[in-house]
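Work out the full structure: start from the sequences and follow the hints.
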Amino acid sequence: MVVVTGKNDDINLSILEDTDVLVTTTGNVNVCDSAMLSNLKNGAVVCNIGHFDTEIDTAYMKDKWYWEEVKPQVHRIFRDCTPDGAPDLKSKNYLLLLAEGRAC
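Number 19 in this note's numbering belongs to position 19 of the sequence shown; there are no gaps in the numbering.
Note that these hints are calculated values from the structure, not bench results.
Please note that the accuracy of each hint is not assured.
Below, computed lysine to aspartate or glutamate pairings styled on EDC-like, alpha-carbon distance capped at 20 Å [stated by the list, open to error]:
(1) K41 <-> E17
(2) K64 <-> D33
(3) K62 <-> D88
(4) K90 <-> D20
(5) K71 <-> D88
(6) K92 <-> E69
Restraint-style ranges between C-beta atoms, simulated for each label pair [said to hold, decoys possible]:
(7) S14 <-> Y60: 18 to 28 Å
(8) K71 <-> S14: 31 to 41 Å
(9) A86 <-> N12: 32 to 42 Å
(10) H51 <-> D88: 26 to 36 Å
(11) H51 <-> A86: 30 to 40 Å
(12) N39 <-> L98: 13 to 23 Å
(13) Y60 <-> S91: 11 to 21 Å
(14) I15 <-> K92: 16 to 26 Å
Source: prediction; values computed, not measured.
Don't be surprised by glycine CBs; every beta carbon is placed ideally from N, CA and C.
Take a look at the structure:
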């Protein structure tokens, strides 16, 4: 188990290469930033339990990577394809984003 409080000194990027699930619950901004998202294991699940969409840097993800909506609030984000590209659906270099964290 890895616990990240959002402080820079408790983030070990090498651990993320073996992380299957990352859940944010802090309410802080960019707790899961671009460096963390880039270093997560292929196929990792990223989820924001909070009410706001600021904990996971989804702006970075939308700017850099291709999003495929699997179903409402579930996206497969291809890290090896730009937003305007055509993803290789067989690629293993993706993250699964559950619940961006917007209050209804």
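Right, here's what the structure says about each hint:
1. K41 <-> E17: Since the Cα atoms of K41 and E17 sit roughly 4 Å apart, the hinted pair holds (cutoff 20 Å).
2. K64 <-> D33: Since the Cα atoms of K64 and D33 sit roughly 13 Å apart, the hinted pair holds (cutoff 20 Å).
3. K62 <-> D88: Answer holds: K62 to D88 is near 17 Å, not above 20 Å.
4. K90 <-> D20: Holds, because 19 Å separates the two Cα atoms, which is no more than 20 Å.
5. K71 <-> D88: 19 Å, holds
6. K92 <-> E69: 16 Å, holds
7. S14 <-> Y60: 18 to 28 Å: Since the Cβ atoms of S14 and Y60 sit about 20 Å apart, the hinted range of 18 to 28 Å holds.
8. K71 <-> S14: 31 to 41 Å: Since K71 and S14 have Cβ atoms about 33 Å apart, the given range 31 to 41 Å holds.
9. A86 <-> N12: 32 to 42 Å: Because 35 Å falls inside the window, the suggested range holds.
10. H51 <-> D88: 26 to 36 Å: 35 Å, holds
11. H51 <-> A86: 30 to 40 Å: 34 Å, holds
12. N39 <-> L98: 13 to 23 Å: Holds - the Cβ-Cβ distance for N39 and L98, about 19 Å, lies within 13 to 23 Å.
13. Y60 <-> S91: 11 to 21 Å: Holds, since Y60 and S91 (Cβ atoms, about 19 Å apart) stay within the stated range.
14. I15 <-> K92: 16 to 26 Å: Once the Cβ atoms are compared, 20 Å apart, the range 16 to 26 Å for K92 and I15 holds.
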